[in-house]
Amino acid sequence: MAKQKLGFEKSIERLEEIIKLLEQGDAPLDNALSLFEEGAGLLARCGELLDQAEQKVLLLSKGADGAPAERPFIAVSQPGKNEDTAQ
Amino acid sequence: MEDLVYSVSQVNTYLKTLMDKDRFLSAIFVRGEISNYKLYPSGHHYFALKDEVGAIRCVLFRREASRLRFRPENGMKVIAFGHVSVFPRDGQYQLYCGELSPDGVGALHLAFEQLKEKLFREGLFDPAQKKPLPPYPKTVALITSPAGAAVRDMIRILGARWPLAKVVLLPVRVQGAEAPAELCGALRFANRWNIADLILIGRGGGSMEDLWAFNDEKLARAIYESKIPVVSAVGHEPDVTIADFVADVRAATPSNAAELAVPDIRELGSRLAAFQRRLGQAMHLRLSMARARLEKQNVGVLQYPMRYMEGKRLLLDFVQQRLDRASRVYLSKERERFSALAASLDALSPLKVLGRGYSIAAKTTGEIIKNGLDVLPGETITLRLQKGGLFCTVERQWKPEQPVTPGAMQKEEQNHGETKAGL
Numbered sequence: 001m002a003k004q005k006l007g008f009e010k011s012i013e014r015l016e017e018i019i020k021l022l023e024q025g026d027a028p029l030d031n032a033l034s035l036f037e038e039g040a041g042l043l044a045r046c047g048e049l050l051d052q053a054e055q056k057v058l059l060l061s062k063g064a065d066g067a068p069a070e071r072p073f074i075a076v077s078q079p080g081k082n083e084d085t086a087q
Numbered sequence: 001m002e003d004l005v006y007s008v009s010q011v012n013t014y015l016k017t018l019m020d021k022d023r024f025l026s027a028i029f030v031r032g033e034i035s036n037y038k039l040y041p042s043g044h045h046y047f048a049l050k051d052e053v054g055a056i057r058c059v060l061f062r063r064e065a066s067r068l069r070f071r072p073e074n075g076m077k078v079i080a081f082g083h084v085s086v087f088p089r090d091g092q093y094q095l096y097c098g099e100l101s102p103d104g105v106g107a108l109h110l111a112f113e114q115l116k117e118k119l120f121r122e123g124l125f126d127p128a129q130k131k132p133l134p135p136y137p138k139t140v141a142l143i144t145s146p147a148g149a150a151v152r153d154m155i156r157i158l159g160a161r162w163p164l165a166k167v168v169l170l171p172v173r174v175q176g177a178e179a180p181a182e183l184c185g186a187l188r189f190a191n192r193w194n195i196a197d198l199i200l201i202g203r204g205g206g207s208m209e210d211l212w213a214f215n216d217e218k219l220a221r222a223i224y225e226s227k228i229p230v231v232s233a234v235g236h237e238p239d240v241t242i243a244d245f246v247a248d249v250r251a252a253t254p255s256n257a258a259e260l261a262v263p264d265i266r267e268l269g270s271r272l273a274a275f276q277r278r279l280g281q282a283m284h285l286r287l288s289m290a291r292a293r294l295e296k297q298n299v300g301v302l303q304y305p306m307r308y309m310e311g312k313r314l315l316l317d318f319v320q321q322r323l324d325r326a327s328r329v330y331l332s333k334e335r336e337r338f339s340a341l342a343a344s345l346d347a348l349s350p351l352k353v354l355g356r357g358y359s360i361a362a363k364t365t366g367e368i369i370k371n372g373l374d375v376l377p378g379e380t381i382t383l384r385l386q387k388g389g390l391f392c393t394v395e396r397q398w399k400p401e402q403p404v405t406p407g408a409m410q411k412e413e414q415n416h417g418e419t420k421a422g423l
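Just so you know, the protein sequences line up as chains A and B, in that order. If you're matching positions, the first sequence starts at 1 in this note's numbering and goes up one per residue. If you're matching positions, the second sequence starts at 1 in this note's numbering and goes up one per residue.
These are calculated hints, taken from the structure and not from any lab test. Note that beta-carbon positions come from the ideal geometry of N, C-alpha and C, so glycine has one too. Wrong hints could be hidden among the right ones.
Stated by the list, open to error - Derived DEER-like restraints, expressed as beta-carbon distance ranges:
| id | chain 1 | residue 1 | chain 2 | residue 2 | range |
| --- | --- | --- | --- | --- | --- |
| 1 | B | 271 | A | 56 | 23 to 33 Å |
| 2 | A | 38 | B | 273 | 11 to 21 Å |
| 3 | B | 271 | A | 26 | 57 to 67 Å |
| 4 | B | 31 | A | 56 | 50 to 60 Å |
| 5 | A | 38 | B | 236 | 17 to 27 Å |
| 6 | B | 227 | A | 26 | 39 to 49 Å |
| 7 | B | 271 | A | 61 | 36 to 46 Å |
| 8 | A | 61 | B | 55 | 27 to 37 Å |
| 9 | A | 56 | B | 39 | 42 to 52 Å |
| 10 | B | 39 | A | 61 | 39 to 49 Å |
Unchecked claim - Some, not all, of what chain A presents toward chain B, calculated at C-beta under 7 Å:
| id | residue |
| --- | --- |
| 11 | 15 |
| 12 | 55 |
| 13 | 56 |
Assemble the whole structure, with the sequences as input and the hints as a guide.
Written out as structure tokens, the structure is:
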């Protein structure tokens with residue numbers, strides 16, 4: 001796979017790098033073009049990530065095998081209620 | 001039998017009488033730490049004095065309280081003077097304080113300071129050991145109570161600022177005897193399974209006793225050993241615990257921890273927009289540079305004919321401007337050269353020569369006479385002078401080799417003056 005998906009942090013770092021390279025203006029043209037394409041791709045993907053982000057909140061406990069087991073946590077849905085709504 | 005059965009209040013009253021008679025209990029100094037302090041609207045102060053083992057209920061009535069020189073607070077070590085008696089209504093005995101004065105540092109405070117000093121010496125608070133927080137966490141683990149405002153605040157703020165992160169909650173007890181072990185267990189569990197790239201550990205506000213689990217030495221070491229960065233979020237702003245010192249980042253409150261833990265999606269959005277702008281500008285600049293260079297090198301192979309044309313047009317403008325400028329410069333140079341030439345032409349003008357006394361001889365046809373043998377004696381010639389001229393008749397000729405000046409020639413008989421032709 002030529003283009004592995006970078007994490008958000010790496011994407012931002014790479015974007016900064018690309019912009020710096022382009023702003024220096026001494027990269028060969030086809031190099032600059034592919035940098036631009038890469039930058040535009042990263043921007044689009046970061047934007048998408050931001051737009052689509054929907055937080056998952058999970059309650060973590062020790063499963064039968066000792067490994068973490070996740071289940072949804074929904075205590076947030078009762079603001080203003082009594083604080084002692086332990087699960 | 002009936003005589004042996006007493007009412008509750010009889011017992012309480014008996015005890016009260018007993019205690020009130022007791023000389024030891026009627027005027028007593030008690031050293032302890034204030035806990036569960038409450039000031040009632042009536043102006044009476046209720047609290048407990050405690051030490052490592054036990055506690056005694058205390059009351060300080062408004063009249064006595066008005067003489068206080070300090071504000072009692074939980075955790076404050078004090079010496080109380082008063083008498084111990086029973087409150088018959090609930091059968092509880094308590095210390096009726098007449099005076100209250102501070103007594104140095106409370107035992108909990110002392111323990112806190114001692115542990116702080118010890119861990120500090122061991123280097124657990126060393127800033128160099130503190131791990132940086134990940135700028136864009138993918139998973140944030142909360143080690144706290146699943147109930148209460150703290151966890152809700154954290155989840156709400158994490159969701160608003162950085163919904164990209166998954167939030168996992170490791171539910172633990174945050175106060176009481178089991179709390180330190182549970183907190184440590186959750187920390188180690190999170191590390192063993194590497195379940196997050198950031199841990200927020202903490203709880204909401206409470207008394208110093210409520211927060212005491214976060215002053216536990218084992219917890220301090222577990223935080224120190226955590227490979228995952230830890231943000232501590234214990235109580236309110238003024239509450240400081242050992243966990244705060246050893247954590248990689250100390251947050252004032254759980255909400256503050258959530259703010260420190262993740263970036264703000266809105267800020268990042270505007271940052272991305274700025275990136276987009278810069279990327280576009282840089283590429284635009286780069287392209288026009290490339291186009292200009294391309295034109296200069298006269299390279300004809302182009303991927304984008306339209307862009308090529310645009311480039312050409314731009315270049316044309318550019319070249320035209322240069323041409324304009326260049327021709328203006330050229331013209332003015334030519335003009336200078338012309339006037340220089342004109343000046344030298346003027347210097348060479350035969351009319352000027354005439355001014356110096358020379359004359360030009362010509363046949364009547366206008367042909368300039370350069371050779372004496374070209375005209376015959378008797379022929380009429382013209383002499384052009386600076387002003388006007390003469391029609392002359394040729395008398396004689398002399399050959400070019402004859403070294404005779406025309407002046408000498410003419411005035412041969414009179415003299416042999418070497419004067420130049422003066423006419």
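So, going through the hints one by one against the coordinates:
A hinted range of 23 to 33 Å for the beta carbons of residue 271 of chain B and residue 56 of chain A is consistent with their spacing of about 24 Å. For the pair residue 38 of chain A and residue 273 of chain B, the supplied restraint of 11 to 21 Å holds, since their beta-carbon distance comes to about 18 Å. For the hinted restraint 57 to 67 Å between residue 271 of chain B and residue 26 of chain A, the CB-CB distance of approximately 25 Å leaves it violated. In this structure, residue 31 of chain B and residue 56 of chain A meet the distance hint of 50 to 60 Å, their C-beta atoms being roughly 53 Å apart.
For residue 38 of chain A paired with residue 236 of chain B, a C-beta distance near 47 Å fails the hint of 17 to 27 Å. A C-beta distance of roughly 41 Å is found between residue 227 of chain B and residue 26 of chain A, which places it inside the suggested range of 39 to 49 Å. Between residue 271 of chain B and residue 61 of chain A the Cβ separation comes to about 37 Å, which falls inside the hinted range of 36 to 46 Å. At roughly 36 Å, the beta-carbon separation of residue 61 of chain A and residue 55 of chain B lies within the given 27 to 37 Å, and the hint holds.
Range check, residue 56 of chain A to residue 39 of chain B: about 45 Å between beta-carbon atoms, so the 42 to 52 Å window is met. Restraint check, residue 39 of chain B to residue 61 of chain A: a C-beta distance of roughly 42 Å satisfies the suggested window 39 to 49 Å. A least Cβ separation of about 5 Å between residue 15 of chain A and chain B falls short of the 7 Å threshold, and the interface hint therefore holds. At its closest, the beta carbon of residue 55 of chain A sits 4 Å from a beta carbon of chain B; the interface hint therefore holds under the 7 Å criterion.
For residue 56 of chain A, the suggested interface contact is upheld, since its CB lies about 5 Å from the closest CB of chain B, less than 7 Å.
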